[in-house]
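Enquirer: So the protein lines, in turn, are chains Z and E. To convert, note that position 51 of the first sequence is 51 in the working numbering; the numbers rise steadily by one, no gaps. Every number in the working numbering is 1000 more than the matching position in the second sequence, counting from 1.
Don't take every hint at face value.
[Claimed, not checked] Simulated pairs of lysine to any residue, SDA-like, Cα-Cα distance not exceeding 20 Å:
| id | chain 1 | residue 1 | chain 2 | residue 2 |
| --- | --- | --- | --- | --- |
| 1 | E | 1030 | Z | 95 |
| 2 | Z | 54 | E | 1100 |
| 3 | Z | 5 | E | 1053 |
| 4 | Z | 54 | E | 1101 |
Quick caveat, the hints were computed from the structure, so don't treat them as lab data.
The primary structure of each chain is shown beneath.
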Amino acid sequence: DQQVKQNSPSLSVQEGRISILNCDYTNSMFDYFLWYKKYPAEGPTFLISISSIKDKNEDGRFTVFLNKSAKHLSLHIVPSQPGDSAVYFCAASARNYGQNFVFGPGTRLSVLP
Amino acid sequence: DAGVTQSPTHLIKTRGQHVTLRCSPISGHKSVSWYQQVLGQGPQFIFQYYEKEERGRGNFPDRFSARQFPNYSSELNVNALLLGDSALYLCASTPHSGGAEAFFGQGTRLTVV
């Protein structure tokens, strides 16, 4: 029973265009959401997070949108760069549950030059 | 500043053997969590330790155990290894027990043959 879903295993985008990665969750107790990026042979690197009291958080080229009613969040990368090519994981947690992050299966983003 | 460091980076074990994985958190971080990442899936939560006490446990058998030392470093132990334990084991640290992004190490790649 996947509580965090990333239904697109892969995504290809042209350099300079927008990349949109999607994530859906089922557990209404989740109130904190994060995106991580992972390169081969490295651990996941934190990108951006959002609390359930917000619907948008922006950090440079990265913006995360949260739609609580739809239990859906998305990560927008604008403009996309070849160095953004990696696997992106969506993760969720309930603050009262400590650091138990539930991760989605990941989406492999390829940014083509 | 040193990030989260894990050792060893790779190891190969035989079914039925025991393994110990080690993790040093970022200086000043008191919470350490362990995750297992099987190929093609997102990381799955195993344990969280904060101030040397277990704060959370994922859905893993009792063959998995962990502890945290006074200097906040941590060990993950797995007994009676199975082929299915082959995975990337990730350690993550945060300053406190919850509600913040976690910083991951590069992982230990365990292969059970």
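Enquirer: Mind listing which of the numbered hints don't hold for this structure, in increasing order?
Expert: 3
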